[in-house]
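Chemist: Next come the chains, spelled out residue by residue.
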Amino acid sequence: MTAHLLPGVRPYGEDATDVLISEGRLAAIGSDAAAQAPADAHRHDDLAGRVLLPGLVDIHTHLRQPGGESAETVYTGTRAAAVGGYTAVFAMANTTPAQDNAGVVEQVLRLGNQAGWVDVHPVGAVSEGLKGEHLSQMGAMAHSAARVRVFSDDGNCVSDPVLMRRALEYVKSFDGVIAQHSQDPRLTEGSQMHEGRVSAELGLAGWPAVAEESIIARDVLLAGHVGSRLHVCHLSTAGSVEIIRWAKARGINVTAEVTPHHLLLTDELARTYSPRYKVNPPLRTAADVEAVREALADGTIDVVGTDHAPHPRESKDCEWQAGAFGMTGLETALPIIIATMVEPGLMTWRDVARVLSETPARIGRLADQGRPLAVGEPANVTVVDPGVRQVVDPESQWTRSTNTPYVGMELPGQVLATFLHGRPTVLAGRPVERASQETEPKEQA
Amino acid sequence: MKHLLSAKDLSHDEAVMVLDTAEAMAATQRHAVKKLPTLRGKTVVNLFFEDSTRTRLSFEAAAKRLSADVINFSAKGSSVSKGETLKDTAQTIMAMGADAVVVRHSACGAAHLLAHAGWIDVPVLNAGDGTHQHPTQALLDAMTLRRWYAPGGPASGSARAADGAPAPQGRDLEGARVIIVGDVLHSRVARSNVDLLTTLGARVTLVAPPTLLPVGMDDWPCEVSYDFDAAIAAVEPDAVMMLRVQRERMSAAGGGFFPSPEEYSRGYGLGAVRRTAMPEHAIVMHPGPMNRGLEITADAADDPRSRVVEQVGNGVSVRMAALYLLLADEGNQL
Numbered sequence: 085m086t087a088h089l090l091p092g093v094r095p096y097g098e099d100a101t102d103v104l105i106s107e108g109r110l111a112a113i114g115s116d117a118a119a120q121a122p123a124d125a126h127r128h129d130d131l132a133g134r135v136l137l138p139g140l141v142d143i144h145t146h147l148r149q150p151g152g153e154s155a156e157t158v159y160t161g162t163r164a165a166a167v168g169g170y171t172a173v174f175a176m177a178n179t180t181p182a183q184d185n186a187g188v189v190e191q192v193l194r195l196g197n198q199a200g201w202v203d204v205h206p207v208g209a210v211s212e213g214l215k216g217e218h219l220s221q222m223g224a225m226a227h228s229a230a231r232v233r234v235f236s237d238d239g240n241c242v243s244d245p246v247l248m249r250r251a252l253e254y255v256k257s258f259d260g261v262i263a264q265h266s267q268d269p270r271l272t273e274g275s276q277m278h279e280g281r282v283s284a285e286l287g288l289a290g291w292p293a294v295a296e297e298s299i300i301a302r303d304v305l306l307a308g309h310v311g312s313r314l315h316v317c318h319l320s321t322a323g324s325v326e327i328i329r330w331a332k333a334r335g336i337n338v339t340a341e342v343t344p345h346h347l348l349l350t351d352e353l354a355r356t357y358s359p360r361y362k363v364n365p366p367l368r369t370a371a372d373v374e375a376v377r378e379a380l381a382d383g384t385i386d387v388v389g390t391d392h393a394p395h396p397r398e399s400k401d402c403e404w405q406a407g408a409f410g411m412t413g414l415e416t417a418l419p420i421i422i423a424t425m426v427e428p429g430l431m432t433w434r435d436v437a438r439v440l441s442e443t444p445a446r447i448g449r450l451a452d453q454g455r456p457l458a459v460g461e462p463a464n465v466t467v468v469d470p471g472v473r474q475v476v477d478p479e480s481q482w483t484r485s486t487n488t489p490y491v492g493m494e495l496p497g498q499v500l501a502t503f504l505h506g507r508p509t510v511l512a513g514r515p516v517e518r519a520s521q522e523t524e525p526k527e528q529a
Numbered sequence: 004m005k006h007l008l009s010a011k012d013l014s015h016d017e018a019v020m021v022l023d024t025a026e027a028m029a030a031t032q033r034h035a036v037k038k039l040p041t042l043r044g045k046t047v048v049n050l051f052f053e054d055s056t057r058t059r060l061s062f063e064a065a066a067k068r069l070s071a072d073v074i075n076f077s078a079k080g081s082s083v084s085k086g087e088t089l090k091d092t093a094q095t096i097m098a099m100g101a102d103a104v105v106v107r108h109s110a111c112g113a114a115h116l117l118a119h120a121g122w123i124d125v126p127v128l129n130a131g132d133g134t135h136q137h138p139t140q141a142l143l144d145a146m147t148l149r150r151w152y153a154p155g156g157p158a159s160g161s162a163r164a165a166d167g168a169p170a171p172q173g174r175d176l177e178g179a180r181v182i183i184v185g186d187v188l189h190s191r192v193a194r195s196n197v198d199l200l201t202t203l204g205a206r207v208t209l210v211a212p213p214t215l216l217p218v219g220m221d222d223w224p225c226e227v228s229y230d231f232d233a234a235i236a237a238v239e240p241d242a243v244m245m246l247r248v249q250r251e252r253m254s255a256a257g258g259g260f261f262p263s264p265e266e267y268s269r270g271y272g273l274g275a276v277r278r279t280a281m282p283e284h285a286i287v288m289h290p291g292p293m294n295r296g297l298e299i300t301a302d303a304a305d306d307p308r309s310r311v312v313e314q315v316g317n318g319v320s321v322r323m324a325a326l327y328l329l330l331a332d333e334g335n336q337l
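Heads up: the sequence lines are chains S and Y, in that order. Note that our numbering has the first sequence beginning at 85, numbered continuously upward. Note that our numbering has the second sequence beginning at 4, numbered continuously upward.
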């Protein structure tokens, strides 16, 4: 395997130093790294002065395959992830068929390995067919080659409290975690956007914050009662933040995630009636955005998950009510975090590594991702230039779908390079194809 | 303004101008020959994705009386359920040479999308989009009210128009008191009227059970009451506008918004007793079609001060005005 020398990069945005990647590991960090580099090592002088981070880990990705290949495949989704700086993603279970048994999760794992852009960790469904009625084959998935540790019916809420309790209890036997999509289904029947001032004016059926908050409140109490791990997906309201804060203070084992779009965008965008801004949970108010930013900065919210949800063009090129819920996010997550958290001074680069890499890896029990930038650690790293500003153009992204909400916006930061187990998957901001890789041409849906 | 999408888009002066133009149009309709040459050679497409015979006929009559050619396109349900998108349909219609599109759709924002998505490039008139807006309904309501409203009240000596006579040019609704009663939550009529009537200076009070009022309306420029009788006593309205109760929302089982039709009617229906409690001069309005016996009794609907039929007639005049102002070479003032 070719060794790579990264001269003058800045680990966690701090002092510049040389980093040697060899045999899939961080072989040397410091002034002696160059001296230790083999003669045929590849020098990356273009990365000098740029920020070196642990490879990003997305706890919440929709790769759509099997079943939704018109929107995304494992190949195109993970390629987009690599371009976004990721080295591992958790692939959500709401595929067709659902990832509710060992066969399907092993299929997704295999597709991920074949693509080779990032490590793919399938999420298992909590219930058979995501129907919320019977537990899925959790044990079989946990003990399969995919070693599933994260279980979620995401897209649906596990609304039955008894089923939720059983799921929380059952995953304890293999140290799993239930990642809940918190949405009371009855309180959100027909809902189209956040319920509030804008929905009242537009006449679009409202999605009350309490529909999320009431499920989170119930679930933290259940998790505390049975002593299990709960992860709250895509938390979006100020009230939800307060519940998580309360639960953590009581010692309940709960983690929470926020999406990049809930850190930046508000329900005012619904005034455009463009389904580009239609997402589940919906974009909330400016006060909610402020609350989730503060909570991410102070650690109440543990991680940023993209909820990358690609859709084919026809699912968004229509009236709001007919449009699909969801936004892409893998390629823009880091720029959004830079814009909303780093540039305003709410977070340091070490914090970025914590919320985008270390903690998501820990929640998902990954051994070789989200590790510190230290000698001997796996060489899953990303290099970002925070000084670059780019206008988002969906046509030049690498995901198969074009439903980014940031189209036309100028965002800071560009991932210049990503290394997966010591091998570059991205250089100069572009994916690096391997000769042995199963290729798939970029298609625009 | 290139389109008419929302009553909120109209400034005070624009709204008065539309109403004045509507009166001018109404005057032409008293002639033996009702047809004007104004839009000769223009093609207006009525793009109705949702059933509405009354509104479609009203727009069709308005366009034809201005000598426009009219293409009617009706599609039940949403465009997506037909397998064709709104975009495809719009572009098909454009290919037929439309000069304006009148759109009715069950989806909020459909008219906005047609106007701004870049799919078509002609004026769009919103003929009702979901529970959002129905600006020409608000304009015809304002026209009706303006004809009957005497500034300062009946004791002030201000002139009230004779039956069917035009309102004075330039008049707004400053000081008028209007109560709108019923299913505000799902009503594009209520939203449009709150916007337009308050722009024209009226004081609007919404009356409904809390289940039929939207969350987030705190900053709407109107008052809200849950008590119809108390509102009549406090407001002393110049007009009471009843909203249609949609029968599919009446079930008490599985998400009903009130316990029973009888309870709704007792609390929020307009009958003889409440009609008597209203000021003598106050008019009764309803966008139709009426549920007689539910939100309004036959007595109240057929009361001499009921303006329901006049509203329908004014609808044609208002739509003629809107088409003229958006489409006519000498119009083009919106």
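I should point out that these hints are in silico values taken from the structure, not numbers from a laboratory. Predicted, not measured: the structure shown is a model, and the values here were computed from it. Ideal Cβ placement from N, Cα and C applies to all residues, glycine included. It is possible that some hints are incorrect.
[As the list claims (entries may be wrong)] Simulated coverage check for chain S against chain Y, where a stretch passes if three residues somewhere in it have a Cβ under 8 angstroms from a Cβ of chain Y:
1. 174-186
2. 275-283
[Said to hold, decoys possible] Computed beta-carbon distance windows for the label pairs:
3. Y:Asp54 - S:Glu352: 28 to 34 angstroms
4. Y:Ala233 - S:Glu378: 52 to 58 angstroms
5. Y:Lys38 - S:Phe409: 32 to 38 angstroms
6. Y:Gly121 - S:Phe409: 21 to 27 angstroms
7. S:Glu479 - Y:Gln249: 40 to 46 angstroms
8. Y:Ala301 - S:Glu378: 55 to 61 angstroms
9. Y:Gly121 - S:Val472: 28 to 34 angstroms
10. S:His309 - Y:Val218: 30 to 36 angstroms
11. Y:His119 - S:Pro122: 57 to 63 angstroms
12. S:Val475 - Y:Pro262: 35 to 41 angstroms
13. S:Val472 - Y:Gln249: 38 to 44 angstroms
14. Y:Val218 - S:Asp477: 46 to 52 angstroms
15. Y:Thr56 - S:Gly513: 48 to 54 angstroms
[What the hints assert, rightly or not] Some chain S residues close to chain Y (C-beta under 10 angstroms, calculated; not the full set):
16. Pro122
17. Ala123
18. Ala125
19. Gly290
20. Leu353
21. Arg355
22. Thr356
23. Tyr357
Chemist: Look at each hint and say if it fits the structure.
Modeler: Results of checking the hints against the structure:
1. With a threshold of 8 angstroms between beta carbons, the proposed coverage of the segment 174-186 of chain S by chain Y is violated, since 0 of its residues qualify and at least three are required.
2. Note: the segment 275-283 of chain S has 6 residues with beta-carbon separation from chain Y under 8 angstroms; the three-residue rule is met and the coverage holds.
3. Between Asp54 of chain Y and Glu352 of chain S the Cβ separation comes to about 33 angstroms, which falls inside the hinted range of 28 to 34 angstroms.
4. At roughly 43 angstroms, the beta-carbon separation of Ala233 of chain Y and Glu378 of chain S lies outside the given 52 to 58 angstroms, and the hint is violated.
5. Between Lys38 of chain Y and Phe409 of chain S the C-beta distance comes to about 49 angstroms, which lies outside the given range of 32 to 38 angstroms.
6. The given range of 21 to 27 angstroms is respected by Gly121 of chain Y and Phe409 of chain S, whose C-beta atoms sit roughly 23 angstroms from each other.
7. Between Glu479 of chain S and Gln249 of chain Y the CB atoms are about 43 angstroms apart, so this pair conforms to the stated range of 40 to 46 angstroms.
8. The hinted range of 55 to 61 angstroms is satisfied by Ala301 of chain Y and Glu378 of chain S, whose Cβ atoms lie roughly 59 angstroms apart.
9. The supplied range of 28 to 34 angstroms is met by Gly121 of chain Y and Val472 of chain S, whose beta-carbon atoms lie about 30 angstroms from each other.
10. A hinted range of 30 to 36 angstroms holds for the C-beta pair His309 of chain S and Val218 of chain Y, which are about 32 angstroms apart.
11. A beta carbon spacing of about 59 angstroms between His119 of chain Y and Pro122 of chain S agrees with the range 57 to 63 angstroms that was offered as a hint.
12. Remark: the range hint 35 to 41 angstroms for Val475 of chain S to Pro262 of chain Y is contradicted by a beta-carbon distance near 55 angstroms.
13. Checked against the hint of 38 to 44 angstroms, the C-beta distance between Val472 of chain S and Gln249 of chain Y comes to roughly 54 angstroms, which is inconsistent with it.
14. The hinted range of 46 to 52 angstroms is not satisfied by Val218 of chain Y and Asp477 of chain S, whose Cβ atoms lie roughly 37 angstroms apart.
15. Take Thr56 of chain Y and Gly513 of chain S: their Cβ atoms lie about 58 angstroms apart, and the range 48 to 54 angstroms is violated.
16. Given hint, Pro122 of chain S at the interface with chain Y, is violated; its Cβ is 56 angstroms from that chain's nearest Cβ, farther than 10 angstroms.
17. Of the supplied interface hints, the one on Ala123 of chain S is violated, with its beta-carbon coming no nearer than about 57 angstroms to a beta-carbon of chain Y, more than 10 angstroms.
18. Given hint, Ala125 of chain S at the interface with chain Y, is violated; its Cβ is 52 angstroms from that chain's nearest Cβ, farther than 10 angstroms.
19. About 6 angstroms separates the beta-carbon of Gly290 of chain S from the nearest beta-carbon of chain Y, less than 10 angstroms, and the hint is met.
20. The interface hint given for Leu353 of chain S is violated, since its Cβ lies 12 angstroms from the closest Cβ of chain Y, which is over the 10 angstroms cut-off.
21. Taking 10 angstroms as the C-beta cut-off, the interface hint given for Arg355 of chain S holds, the closest approach to chain Y being about 9 angstroms.
22. For Thr356 of chain S, the suggested interface contact is upheld, since its CB lies about 8 angstroms from the closest CB of chain Y, less than 10 angstroms.
23. Checking Tyr357 of chain S against chain Y by beta carbon gives a least distance of about 3 angstroms; that is within 10 angstroms, so the hint holds.
In the structure shown, a violation is registered for the earlier hints numbered 1, 4, 5, 12, 13, 14, 15, 16, 17, 18 and 20, in ascending order.
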